[in-house]
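Between the sequences and the hints, there should be enough to build the whole structure, so can you do that?
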Amino acid sequence: MEDLFIISDAIQEEEYIINMGPQHPSTHGVLRFKVSLKGETVLGVEPHCGYIHRGIEKMCERLTYQQVIHLTDRLDYLSAHINNEAVCLLVENALQIEVPERVKYIRTILSELSRLASHQLWWCAFGMDLGALTTYFYGLRDREPILDIFEETTGARLLQSFNCPGGLMNDIHPNFIKRVKDYIVYFRKKLPEYDELLTGNVILQERTNDIGFLTLEDAISYGVTGPSGRASGFACDVRKHHPYSAYDKVEFKEILFDKGDTFHRYKARVEEMWESLKIIEQLIDNIPEGDFVVKMKPIIRLPEGEYYQRVEACRGEFGVYVLSTGDKYPYRVKFRSPNFSNLSAINLLSAGHKIADLVAISGSLDLVIPDIDR
Amino acid sequence: MTFNIYDLTSFNQWVDKTLYDSLPAFWAMIIEMTLIGVAFLLFYALIGLFLVYAERKVCAFIQNRVGPNRVGPYGIFQTIADFIKLLMKELIPINKADKFLFNLAPFIVIIASFMAIAAIPFGLGLHAIDFNIGVFYVMAVSSLGVIGVLLAGWSSNNKYSLIGAMRSGAQIVSYELSVGLSMVTIVILAGSMQLSTIVEAQRDGWFIFTGHVPALIAFLIFIIASTAETNRGPFDLAEAESELTAGYHTEYSGIKFAFFFLAEYMNMFIVASIAATLFWGGWMPLHIGGWAGFNTVMDYIPPFFWYMGKTMVVIFIMMWFKWTFPRLRIDQLLKLEWKYLLPINLFNIILMALIVLLGWHF
Amino acid sequence: MNNEQLKEKIRSIDSNIEITDGPQYVTLSVSPADLHKTALMLKTQADLSFDYLFCLTGNDLTDACSVVYHLESFKHRHCIVLTVKTANRENAVLDSVCDIWITADFHEREVYDLVGITFTNHPDMRRIFLNEEDWVGYPLRKDYTDNNIVLR
Chain Z
1 MEDLFIISDA IQEEEYIINM GPQHPSTHGV LRFKVSLKGE TVLGVEPHCG
51 YIHRGIEKMC ERLTYQQVIH LTDRLDYLSA HINNEAVCLL VENALQIEVP
101 ERVKYIRTIL SELSRLASHQ LWWCAFGMDL GALTTYFYGL RDREPILDIF
151 EETTGARLLQ SFNCPGGLMN DIHPNFIKRV KDYIVYFRKK LPEYDELLTG
201 NVILQERTND IGFLTLEDAI SYGVTGPSGR ASGFACDVRK HHPYSAYDKV
251 EFKEILFDKG DTFHRYKARV EEMWESLKII EQLIDNIPEG DFVVKMKPII
301 RLPEGEYYQR VEACRGEFGV YVLSTGDKYP YRVKFRSPNF SNLSAINLLS
351 AGHKIADLVA ISGSLDLVIP DIDR
Chain C
1 MTFNIYDLTS FNQWVDKTLY DSLPAFWAMI IEMTLIGVAF LLFYALIGLF
51 LVYAERKVCA FIQNRVGPNR VGPYGIFQTI ADFIKLLMKE LIPINKADKF
101 LFNLAPFIVI IASFMAIAAI PFGLGLHAID FNIGVFYVMA VSSLGVIGVL
151 LAGWSSNNKY SLIGAMRSGA QIVSYELSVG LSMVTIVILA GSMQLSTIVE
201 AQRDGWFIFT GHVPALIAFL IFIIASTAET NRGPFDLAEA ESELTAGYHT
251 EYSGIKFAFF FLAEYMNMFI VASIAATLFW GGWMPLHIGG WAGFNTVMDY
301 IPPFFWYMGK TMVVIFIMMW FKWTFPRLRI DQLLKLEWKY LLPINLFNII
351 LMALIVLLGW HF
Chain P
1 MNNEQLKEKI RSIDSNIEIT DGPQYVTLSV SPADLHKTAL MLKTQADLSF
51 DYLFCLTGND LTDACSVVYH LESFKHRHCI VLTVKTANRE NAVLDSVCDI
101 WITADFHERE VYDLVGITFT NHPDMRRIFL NEEDWVGYPL RKDYTDNNIV
151 LR
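Residue numbers (my numbering), protein chains in the order written: chain Z, 1 to 374; chain C, 1 to 362; chain P, 1 to 152.
Do not take every clue at face value.
[As the list claims (entries may be wrong)] EDC-like cross-link-like pairs, simulated, lysine to aspartate or glutamate; straight-line CA separation at most 16 Å:
| no. | chain 1 | residue 1 | chain 2 | residue 2 |
| --- | --- | --- | --- | --- |
| 1 | Z | Lys58 | P | Asp146 |
| 2 | C | Lys159 | Z | Glu15 |
| 3 | P | Lys75 | Z | Glu217 |
| 4 | Z | Lys38 | C | Asp331 |
Source of the hints: derived by calculation from the structure; they are not laboratory data.
Here's what the structure looks like:
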């Protein structure tokens with residue numbers, strides 16, 4: 001990394017350093033990129049995190065497992081449901097509780113709905129990063145019904161906290177199945193619009209193709225997961241390789257590309273929306289009858305030991321590590337956040353490109369800052 | 001030349017004559033200049049307010065929204081409310097800015113856009129100065145604005161502003177060529193640089209129809225290049241808000257920001273009106289050869305409305321661009337100009353010259 | 001490879017590594033001196049090729065500090081856990097593995113920042129979340145106190 005900062009010209013020019021962030025429209029939150037430039041060309045990017053570090057891991061050491069769930073919402077707020085699920089699965093696996101099939105199905109459907117909502121929001125924000133402001137409204141238009149479905153069933157639009165160890169907080173709303181089905185029909189019609197508006201656009205193609213290459217080796221070594229990693233050919237979909245909930249019962253394709261540039265990271269996410277629709281379609285008609293929760297003791301104590309649970313969040317692999325001493329509080333909780341690893345590749349991806357490309361690349365990595373800082 | 005009921009030339013001459021007869025020449029001139037100045041200021045403010053409102057509505061229409069609809073019927077007073085807000089806002093002084101240049105920059109930008117209006121023919125006889133080098137004057141004056149932009153970027157003492165200003169400089173220097181050359185194409189066809197003559201030459205058919213393919217190409221190039229010259233999307237690199245927060249006017253607030261804001265819309269209006277004048281016949285009504293009845297009906301629509309209508313159509317096209325396309329990158333922007341538009345343009349001029357020489361145009 | 005085969009394989013390579021069965025993964029415990037060597041072996045050994053470090057956790061165990069490496073192989077799809085305990089809690093020092101898995105770069109900085117384990121041979125050993133200049137202490141240590149902690 002150091003040698004990127006050395007300018008080899010005969011005249012040692014002074015680096016032009018700009019701080020992108022912590023208040024900057026392209027970082028979508030309080031992240032700071034210290035960018036050294038030569039003209040418009042980026043020589044190196046040094047991310048500075050911590051502006052929204054809330055010490056969630058420390059807080060978790062003083063909370064019961066039920067309470068920990070509510071803090072995981074605040075990590076990657078766009079995949080709140082999936083983060084909840086990770087903790088619940090960890091507790092259930094540690095106590096060897098088998099949750100009813102109904103719970104697994106509902107969890108999976110809600111996870112995929114939040115993945116859809118998250119990718120839609122990413123799509124709008126990515127368009128906006130590139131200067132196509134209209135995408136924002138098209139994306140939000142389609143995201144709104146999903147949030148309405150969430151609101152009806154879980155009572156919250158964004159931070160649902162609908163999971164609890166042993167199942168769900170409540171049963172699904174009677175309208176849930178019909179609304180989800182309607183939504184699938186609706187969104188299958190709307191998704192091609194995304195391609196018409198943005199994917200096929202010649203300026204987008206020019207802006208993203210052959211920009212920010214991430215090779216397979218680098219993707220693995222940097223731990224770049226999720227659609228960003230899969231665009232480089234890194235088959236890292238936890239849903240596929242370490243199935244949890246109802247993912248082993250559904251057919252879906254793991255979207256893999258081997259080029260690994262910004263455009264393919266874009267493409268991977270758009271394609272994933274189709275796959276999410278497929279998964280929901282397969283499950284929504286077959287939700288089995290049964291309880292929505294397994295009765296559990298009010299105070300959960302995990303047996304002594306180390307536990308780890310991986311789930312596929314919207315931006316990559318989300319992991320929860322718990323070190324338990326048998327107390328009602330976890331001794332140590334660590335969240336493996338996908339964005340933290342994805343962020344580490346930003347210097348590799350953007351060095352040598354223009355400032356505008358840095359914005360496109362960080363947009364294509366889909367960084368959610370609270371998830372990085374925890 | 002047939003008699004035109006909307007001809008204001010005689011009225012203007014009468015005003016001119018009365019003033020010079022009753023007052024000393026100096027005072028008559030002062031009064032005339034003041035009258036025109038006041039008229040333009042008023043026009044300028046009205047057009048600015050209207051365009052901001054129009055942009056919001058067009059953008060809302062494209063983006064599936066309603067747009068402003070709270071202040072007044074259909075939100076038509078929204079821009080006035082915004083204008084009052086901008087007037088009352090605090091002018092934040094920048095400690096390490098170059099004070100003089102920092103304050104000067106918005107004025108240069110706005111004066112440059114103001115000057116160009118003078119040469120534009122709004123209607124028959126509705127013309128502040130009818131230069132015999134009108135096209136040349138408009139070209140020269142409209143590119144003065146970049147000095148203001150560069151000054152703003154430099155004097156703000158902000159790195160984003162500086163990058164934005166430098167981008168803007170590179171952009172305008174490049175695209176000025178295309179704008180100029182596409183205008184030259186029409187000058188060849190019209191055989192004059194005087195805007196009134198150019199309009200008059202389109203009496204029997206607008207140049208976009210009579211000029212064959214070269215006029216069409218020139219029009220497309222003009223629209224692209226002039227969008228770039230006014231720093232509007234997809235060429236709004238100078239103020240690319242996702243990269244440079246707000247580019248060269250990051251540090252400006254209140255009325256100084258309003259000046260930049262207004263100047264952007266006025267520049268858009270000016271390039272649109274030049275496009276309308278050069279390619280779509282300015283204030284000339286739509287005439288179709290041989291259809292005498294149709295032509296007469298068209299003549300009854302006042303020239304000013306023809307002119308504004310055409311300008312608004314061009315402006316709508318430019319807004320459509322902005323709200324649909326992603327932004328280009330700086331190197332792509334320059335590549336587009338130097339590798340594509342400029343050679344096409346040069347070839348186009350030769351083509352046009354040949355057509356005019358051989359008398360193939362209508 | 002399943003867990004049994006993994007254990008078998010690792011035993012055949014290096015019999016000094018302590019192998020235990022965790023609830024999910026095979027857990028290897030090594031001494032700080034062997035850390036880098038073992039890590040490199042896990043990455044480069046063709047049958048193992050643990051090339052994906054998906055989690056790196058630093059723990060304060062009150063008598064020592066430990067670091068837990070969760071590894072997966074892209075090729076073989078097996079997972080393993082590598083743990084290492086520092087000899088000393090107050091002055092916890094370990095070898096960096098960020099030359100083996102680049103993602104360890106950020107994760108080790110995080111561990112340094114919050115748990116206070118220093119990694120040698122790390123190119124950029126600075127705090128990542130907290131302020132480098134004025135932050136005192138390591139928040140994830142059990143004896144860390146701060147007036148602003150709400151939950152006690």
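Results for each hint:
Taking the CA atoms of Lys58 of chain Z and Asp146 of chain P, the gap is near 12 Å; set against the 16 Å cutoff, the hint holds. This hinted pair checks out: Lys159 of chain C and Glu15 of chain Z have alpha carbons roughly 12 Å apart, not beyond 16 Å. Proposed proximity of Lys75 of chain P and Glu217 of chain Z is supported: the alpha carbons are some 12 Å apart, at most 16 Å. A threshold of 16 Å between alpha carbons decides the hint, and for Lys38 of chain Z with Asp331 of chain C the separation of about 14 Å falls inside it, so the pair holds.
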